[in-house]
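Undergrad: One-letter residues, chain by chain:
Protein chains: 2
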Amino acid sequence: MIRHTVVFTLKHEAGSSKERDFLEAARQLATIATVEKFEQLRQVSPKCDYTFGFSMEFADQAAYDFYNDHPLHRDFVENRWMKEVSAFQEIDYLPL
Amino acid sequence: MIRHTVVFTLKHEAGSSKERDFLEAARQLATIATVEKFEQLRQVSPKCDYTFGFSMEFADQAAYDFYNDHPLHRDFVENRWMKEVSAFQEIDYLPL
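Chains as they are written, first to last, in my numbering: chain A, 1 to 96; chain B, 1 to 96.
Fair warning: there could be bad hints in the mix.
Which copy is meant is left open, so a pair is good if it fits within one copy or across any two.
Taking lysine-lysine and the DSSO-like style, the derived pairs with C-alpha atoms no more than 27 Å apart in a straight line are [to be verified]:
id	residue 1	residue 2
1	Lys11	Lys47
2	Lys83	Lys18
3	Lys37	Lys47
4	Lys47	Lys83
Treat the hints as calculated values from the structure; they're not laboratory data.
Could you put together the complete structure from these sequences and hints?
TA: Take a look at the structure:
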């Protein structure tokens with residue numbers, strides 16, 4: 001299992017329709033066949049500056065690669081993520 | 001549900017007995033009554049500099065506070081975490 005996470009901040013105002021639209025569009029990523037346990041999260045630690053998070057799991061590296069290369073993911077990164085996210089950090093985990 | 005995560009790097013050499021001992025000691029945190037789904041993880045994204053992660057869940061803020069204030073946690077932070085961790089980032093999540 002590989003858990004892919006990203007914690008991020010949007011350029012949009014908190015609670016705005018643009019914020020809601022971005023998050024709704026991102027839910028399309030969950031329809032990619034190899035994506036498991038897709039979650040949209042709110043980051044709430046005062047010790048961390050980011051405001052949202054996504055988390056998903058893949059069975060193995062091939063499943064992760066399938067997601068990365070999928071047209072839905074590529075389109076989302078190019079047309080939404082790169083335009084609407086102001087800062088982010090990817091963190092990927094394997095069970096220890 | 002509150003998911004408490006921390007991604008971190010140890011001062012110890014990778015694969016060392018000191019590294020193993022730190023991780024083993026941290027598993028005591030899972031015995032605190034309000035801790036759910038305790039996980040020890042290896043951070044593997046080349047886009048992230050940290051090497052390990054812990055993740056755990058709490059039913060609510062009271063359960064999280066119970067953990068934070070618990071002697072086992074306080075002792076671990078003071079005697080292990082502050083001495084053996086070189087860098088870390090806490091990230092806490094609520095379901096969106």
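Undergrad: None of the hints should be skipped; say for each whether it holds.
TA: Quick rundown of the hints versus the structure:
1. Taking the shortest Cα distances, Lys11 and Lys47 sit within 27 Å of each other both inside one copy (20 Å) and across copies (21 Å).
2. Taking the closest pair of Cα atoms, Lys83 and Lys18 come within 27 Å of each other only inside a single copy of the chain (12 Å); across copies the shortest separation is 44 Å, beyond that limit.
3. In this assembly of identical chains, Lys37 and Lys47 lie within 27 Å of each other by CA distance both inside one copy and across copies; the values are 26 Å within and 22 Å between.
4. Taking CA atoms no more than 27 Å apart as the test, Lys47 paired with Lys83 passes in both settings, with 26 Å inside one copy and 20 Å between copies.
Going down the numbered hints, you'll see the structure goes against none, and every one checks out.
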